[in-house]
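Student: One letter stands for each residue in the lines below.
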Amino acid sequence: DIVMTQAPLSLSVTPGQPASISCKSSQNLLHGNGRTYLSWFLQRPGQSPQLLIEEVSNRFSGVPDRFSGSGSGTDFTLKISRVEAEDVGVYYCVQSMEHPITFGGGTKVEI
Amino acid sequence: EVQLVESGGGLVQPGGSLRLSCAASGFSINAYWMTWVRQAPGKGLEWVANINAAGSATYYVDSVKGRLTISRDNAKNSLYLQMNSLRAEDTAIYYCTRYILVTGPLFDSWGQGTLVTVSS
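Protein chains in written order, with our numbering: chain A, 233 to 343; chain B, 13 to 132.
Here chain B stands alone, though its shape is the one from the complex (with noise of 0.2 Å):
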C-alpha cells in the first residue's frame, strides 16, 4: 500500500525554522517527481516546491523562494521541505504528494498532512 506520513510540523515563531519530513513506503520515491502543497486554515490548496526524481532541480512558488527548501534522499525514500524565516503566512497543513512528469499521474497519493503554525 502506498503511503506518505508528513511529520515536523509545530508551533514556531516568526522568523523561526522548521524542517518537515515525508516519509514514503510502498513504493519507490526515486521514479516520481515529489511535490509539497500546503493549505492555510480554511483556505484552498497552494502549490509550495517541487523536486525533480533525481533532486537535480527545484520548482517554487515566488512567495517562498528564498526562505523555504526543498530536497529529497532517494536512499531514505524521504522528502524535506526546510523551513527558514518562517512568516505568520506561512501558517498551514503541509502535504506532500507525488506525480509522474509527462505522463502522469499528478499527485495520485497524499499524505495526511503537519500543521506548521508560525506565530508569536
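Next up, chain A with everything else stripped away, as it sits in the complex (with noise of 0.2 Å):
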C-alpha cells in the first residue's frame, strides 16, 4: 500500500500570513496516462471534507487561488498565500493512483 505522510501535524497560523503543508507519499504517484494522482482536500470543524486541489495543483471549482498545490513524484505540497479565518481546520492529502486509496494522516491549521 502507498503510504502518505503529511508535515507539521499541527500549524498555527497568523491571519495574513502564508502556510504551507508537506505530504509525502511511498511510492510515485505518475501514472502510465501522465497524470499524477495527487489531491488536497479541507475539512473544517463539524463539516464534511471538501476538495481544494486535484492532480497536484488544479485548484477545483470555487476554490480561492490563495491555495495553490506543486510537486511531482513522491514530494508535494500545499500552499495558502495569506491564511484566512475560515481557513481553519484539517488538509489531508490522499492518493488515487491505485487502490487502496490512501490518506495522509492530516494537518491541523489553526489560528
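Simulated from the structure, these hints should not be mistaken for lab results. One thing to keep in mind: the hints can contain errors.
Stated by the list, open to error - Each pair of labels, with its calculated beta carbon distance range:
1. B:A69 - A:A317: 25 to 35 Å
2. B:K88 - A:P296: 20 to 30 Å
3. B:A100 - A:G278: 16 to 26 Å
To be verified - Dumping the calculated DMTMM-like pairs for lysine to aspartate or glutamate here, alpha-carbon to alpha-carbon at most 20 Å:
4. B:K77 - A:E330
5. A:K256 - B:E58
6. B:K77 - B:E101
7. A:K340 - A:D319
8. A:K311 - A:E287
9. A:K256 - A:E330
10. B:K55 - A:E342
11. B:K77 - A:D233
12. A:K311 - A:E330
13. A:K311 - A:E342
14. B:K55 - B:E101
15. A:K340 - B:E58
16. B:K77 - B:E13
17. B:K55 - B:D74
18. A:K256 - A:E287
As the list claims (entries may be wrong) - Chain A is nowhere near these chain B residues, computed Cβ spacing over 12 Å in every case:
19. P26
20. S29
21. G38
22. A43
23. S131
Note that the structure is a prediction, hence the values are computed from the model and not measured. For glycine and all other residues, C-beta sits at the position ideal for the given N, C-alpha and C.
Dock chain one against chain two, each of which comes alone in its own frame, and use the hints as you go.
Tutor: Written out as C-alpha cells, the structure is:
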C-alpha cells in the first residue's frame, strides 16, 4: 500500500501570513497516463471534507486562488498564500493512483 | 444541486450488522465510481470501499474485506454498504462520495455522514 506522510501535524498561523503543508508518498504517484493522482482536501470543524486541489496543482471549482499545490513524484506541497480565518481545519492529502486509496494523517491548521 | 444523503447508522453490538444507504440527487450516479470513506472519532479519514459505475467491480481496504460489502442501485440512484461482523474499530462516521475514474475529479461532493457505533 502507498503510505502518505504529512508534515507538520499541526500549524498555528497568523491571519494574512502564508502556510505550507508537506505530503510525501512512499511510491511515485505519476501514472503511466501522465497524470499524477495527488489531491488535497480541507475538513473544517464539524463539516464534511471538501476538495481543494486535484492532480497536484489544479484548484477545484470555487477554491480561492490563495490555495496552490505543487510537487511531483513523491513530494508534494500545499501552500496558502495568506491564511484567512475560514481556512482553519484539517488538511489531508490523498493518493488515488492505485487501490487502496490512502489519505495522509492530516495537518491541523489553527489561527 | 448535487446532494448525497447517508442514512442507516446507529448503535450496534459487536458481531452485529447494519446497512448504510446513500441517496444521491442532482446527478445520476451511473456516470460515477462511488466510494465510502470513514472517520473514527477524533481520527483522520480512511478510504473504505469503491464500486465502479456499472457495479461490476469493487475494492476494499484490507481491514473490512469479507465483512463489509459495497453495492449500488443505479435505477434508484443509491449506494449501499452492508456491514456484517462489526467490530469496535468500525466505529466511525461513514461518508459517501463520488469520483470519475482517470480524469477526476476525485471526491468532489460528500454527504454529511452517518455515525456507526459498535459497542456492547
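Student: Does the claim that P26 of chain B lies off the interface hold, with its Cβ farther than 12 Å from every Cβ of chain A?
Tutor: 24 Å, holds
Student: Going straight from one Cα to the other, do K311 of chain A and E330 of chain A come out at no more than 20 Å?
Tutor: At roughly 25 Å apart (the allowed maximum being 20 Å), E330 of chain A and K311 of chain A break the hint.
Student: Holds or violated: K256 of chain A with E287 of chain A, Cα cutoff 20 Å?
Tutor: 14 Å, holds
Student: Test the statement that G38 of chain B is away from the interface with chain A: the closest C-beta pair must be farther apart than 12 Å.
Tutor: Given that every Cβ of chain A is farther than 12 Å from that of G38 of chain B, nearest at about 15 Å, it holds.
Student: Holds or violated: K77 of chain B and D233 of chain A, Cα atoms, limit 20 Å.
Tutor: Given pair K77 of chain B, D233 of chain A holds - Cα atoms ~15 Å apart, limit 20 Å.
Student: For the pair supplied as a hint, K55 of chain B and D74 of chain B, is the alpha-carbon distance within the 20 Å limit?
Tutor: 18 Å, holds
Student: Tell me if the straight-line CA distance from K77 of chain B to E13 of chain B falls inside 20 Å.
Tutor: With Cα atoms ~34 Å apart, K77 of chain B and E13 of chain B exceed 20 Å; violated.
Student: Would A43 of chain B pass as off the interface with chain A, using Cβ distances and a cut of 12 Å?
Tutor: Holds, since 17 Å exceeds 12 Å.
Student: Below or equal to 20 Å on CA atoms is what counts here, so check K340 of chain A against D319 of chain A.
Tutor: Cα-Cα ~10 Å, so holds.
Student: Holds or violated: are the alpha carbons of K311 of chain A and E342 of chain A at most 20 Å from each other?
Tutor: 15 Å, holds
Student: What's the verdict on K55 of chain B and E101 of chain B, does the C-alpha distance respect the 20 Å limit or exceed it?
Tutor: 12 Å, holds
Student: Holds or violated: 20 to 30 Å for the Cβ distance of K88 of chain B and P296 of chain A?
Tutor: Check failed, 37 Å falls outside 20 to 30 Å.
Hint compliance for this structure: hints 1, 2, 12, 16 are not met, and every other hint is.
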